[in-house]
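With the hints as your guide, set chain V onto chain D.
Given next are the chains, with one letter for each unit.
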Amino acid sequence: MATQASRIAGRLMLSPAVLLLFLWMIVPLGMTIYFSFLRFNLLMPGTEQFTGFENYTYFFTDPAFWPALVNTLTLVLGVLAITVVGGVALAVLLDQPMWGQGIVRILVIAPFFVMPSVSALVWKNMLMNPVNGLFAALARGLGLEPIDFFADAPLASIIAIVAWQWLPFATLILFTAMQSLDREQMEAAEMDGAGPVWRFVHLTIPHLMRAATVVVLIQTIFLLSVFAEILVTTNGGPGTASTTLTFLVYMQSMLQFDVGLGSAGGIVAVILANIVAIFLMRMIGKNLEA
Amino acid sequence: MGEIVLTEVRKSFGGVSIIQGIDLVIPDGEFVVFVGPSGCGKSTLLRLIAGLEDTSSGTISIDGKDATRLPPAKRGLAMVFQSYALYPHMSVAKNIAFPLRMAGLPAEEQQRKVEAAAKVLNLTPYLDRKPSQLSGGQRQRVAIGRAIVREPAAFLFDEPLSNLDAALRVSMRQEISELHHTLATTMVYVTHDQVEAMTMADRIVVLNAGRIEQVGSPLDLYHSPANLFVAGFIGSPKMNLVEGAEAAKHGAHTLGVRPEHIDIADEGPWKGMVGLCEHLGSDTFLKVDVAGVGQINVRVGGDVPLRHGAQVSLAPQADKLHRFDAKGMAMA
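Protein chains in written order, with full-length UniProt numbering: chain D, 1 to 290; chain V, 1 to 332.
Simulated from the structure, these hints should not be mistaken for laboratory data. Predicted model, so just to flag it, every value in this text is computed and none were measured. We treat Cβ as the ideally placed atom computed from N, Cα and C, and that holds for glycine. One or more of the hints may lead you astray.
[Said to hold, decoys possible] What follows is a set of in silico ranges between Cβ atoms, one per label pair, in the way DEER data are often shown: (1) D:Ser-225 <-> V:Thr-124: 50 to 56 Å; (2) D:Ile-205 <-> V:Ser-56: 32 to 38 Å; (3) D:Ile-205 <-> V:Gln-82: 23 to 29 Å; (4) D:Ile-205 <-> V:Ser-177: 37 to 43 Å; (5) D:Met-283 <-> V:Thr-7: 52 to 58 Å.
[To be verified] Listed below are several chain D residues computed to face chain V (Cβ distance under 8 Å; list not exhaustive): (6) Leu-134; (7) Glu-145; (8) Asp-148; (9) Asp-182; (10) Ala-188; (11) Glu-190; (12) Met-191; (13) Asp-192; (14) Gly-193; (15) Ala-194; (16) Phe-200; (17) His-202; (18) Pro-206.
[Claimed, not checked] Listed next, the in silico DSSO-like pairs over lysine-lysine satisfying Cα-Cα at most 27 Å (straight line): (19) V:Lys-130 <-> V:Lys-65; (20) V:Lys-271 <-> V:Lys-238; (21) V:Lys-94 <-> D:Lys-286; (22) V:Lys-119 <-> V:Lys-94; (23) V:Lys-65 <-> V:Lys-94; (24) V:Lys-238 <-> D:Lys-286.
Isolated chain D, as found in the complex (with noise of 0.2 Å):
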């Protein structure tokens, strides 16, 4: 690309994908930012009318809004922290030669395969439920109650199985991190004295932040907009403790046909997004820089 001519033709043949992708991204923003300034309710077609800035005080009022901003977050950073520390503590153990790795590395993978709703349900009915599930059978085994999760814990309940999906993405990127780990640094330190616990501090986990801030970014994006495994186990609840953001938009405009409010309410959302990436970036992006 030195030449004016060739800039111009990058230019040019660049400009369909562009322009296409700029279209998908701009035609239901706009949709949305306009249905959020009217009145407009699926069950009263032919109705609509210009509101102004009506359905956003009706969101920001809405007994549910801040508790599913707490539950965004909780969710967000607890599903993060999960997976962000337990995909180092596999990768470290994944790193280690051992008998069957190919088959023990593919294993780990498997989750993330598994599409969220069905993940969701296999959690419910098999594991979490507490007449037929594993830990209930556990839990009598060992002499005690079995717990309710999706009534006792529901919010911990959608972290952990959400977590469990997205562990082996964090896993895949921390590992393959981890293999770029220079040996010899690693027997430099050993021959300064550095005990297994000290390497691990001084070279492994220093090295492996790039990756880890990779990791949060793109996790960060999928998890604002985690949906199925709430609407399969909890549907928001019991009363809004398990209702997110992105939930209660479905609630307003697929179960009270609001789609004024429910718009009102995704425009928040993007806005939060938008200040969660300023922060991240903020605090972490600077582990991109080379």
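Relative to chain D, chain V alone:
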């Protein structure tokens, strides 16, 4: 302080024998260079001494104590790696201080030692930089700094100069030699570059296929190579090795004569035509096709006006001939 004794050391990886029984005594304060072609096991031998590999059999003792089963950190040795192996996220000062920190020294003492090492190695202005902001030679000096602060019984160098350019290599070579004179600590240095070996070593250990071919001072090896391998390996350009009738005349199976020990004489015994002719200014390297002898490399003065195709006659210096028997061993 830093005497290293290897007794019958062997190492094999999955049935492939890499080190085939090495006996070697490295006295305290000596600069020993392991040299040999790639794959001869010299790096493996160094890693065995360092403790980064376990010996398959044999013993290694350091300072009279058996260290065969000791972990690397307990052997009191410091190693400088080919890739420098600096810790990329730590500043130069922290890199150098790392072994002290691991040893649990108080912070002031760490700082004092780091500053002293930095002064010796001219690193003082760079102490706050990260390794990625340093040149190759500076990184190498940081790696050496990290080794010297520990005041080890011996230093191990694993081809430390092979990533540097030619000019820097010469100056770092001199710096390491200087350092050896200053510290007077045992140093074991691995290289495949015989110039490094010849210029730095007190004693050279020539390795080939996991065995020691010869141990001796650089000039010993140059003047009296024990066998054909050492004769061919030490010296640049390589020694001419002549077999057949010409060697038989001198009562040997193979006759060796170094290019610098051949004169151009009017009535020399070897007559031939000059092939390739390299004028370096200080020297001229000739390849001469001698009938009945083969191609002979000759090193003559810089101002020899010979060109490709010229006819010359050569006279090897009679007292500088090396004679080898059919097994390739030097004959007295």
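Each hint, compared with the structure:
no.	hint	result
1	D:Ser-225 <-> V:Thr-124: 50 to 56 Å	holds (54 Å)
2	D:Ile-205 <-> V:Ser-56: 32 to 38 Å	holds (35 Å)
3	D:Ile-205 <-> V:Gln-82: 23 to 29 Å	holds (25 Å)
4	D:Ile-205 <-> V:Ser-177: 37 to 43 Å	holds (39 Å)
5	D:Met-283 <-> V:Thr-7: 52 to 58 Å	holds (57 Å)
6	Leu-134	violated (43 Å)
7	Glu-145	violated (49 Å)
8	Asp-148	violated (47 Å)
9	Asp-182	holds (7 Å)
10	Ala-188	holds (4 Å)
11	Glu-190	holds (5 Å)
12	Met-191	holds (5 Å)
13	Asp-192	holds (4 Å)
14	Gly-193	holds (4 Å)
15	Ala-194	holds (5 Å)
16	Phe-200	violated (13 Å)
17	His-202	holds (7 Å)
18	Pro-206	holds (4 Å)
19	V:Lys-130 <-> V:Lys-65	violated (38 Å)
20	V:Lys-271 <-> V:Lys-238	holds (20 Å)
21	V:Lys-94 <-> D:Lys-286	holds (21 Å)
22	V:Lys-119 <-> V:Lys-94	holds (15 Å)
23	V:Lys-65 <-> V:Lys-94	violated (32 Å)
24	V:Lys-238 <-> D:Lys-286	violated (54 Å)
Hint check: violations occur at hints 6, 7, 8, 16, 19, 23 and 24; the rest are consistent with the structure.
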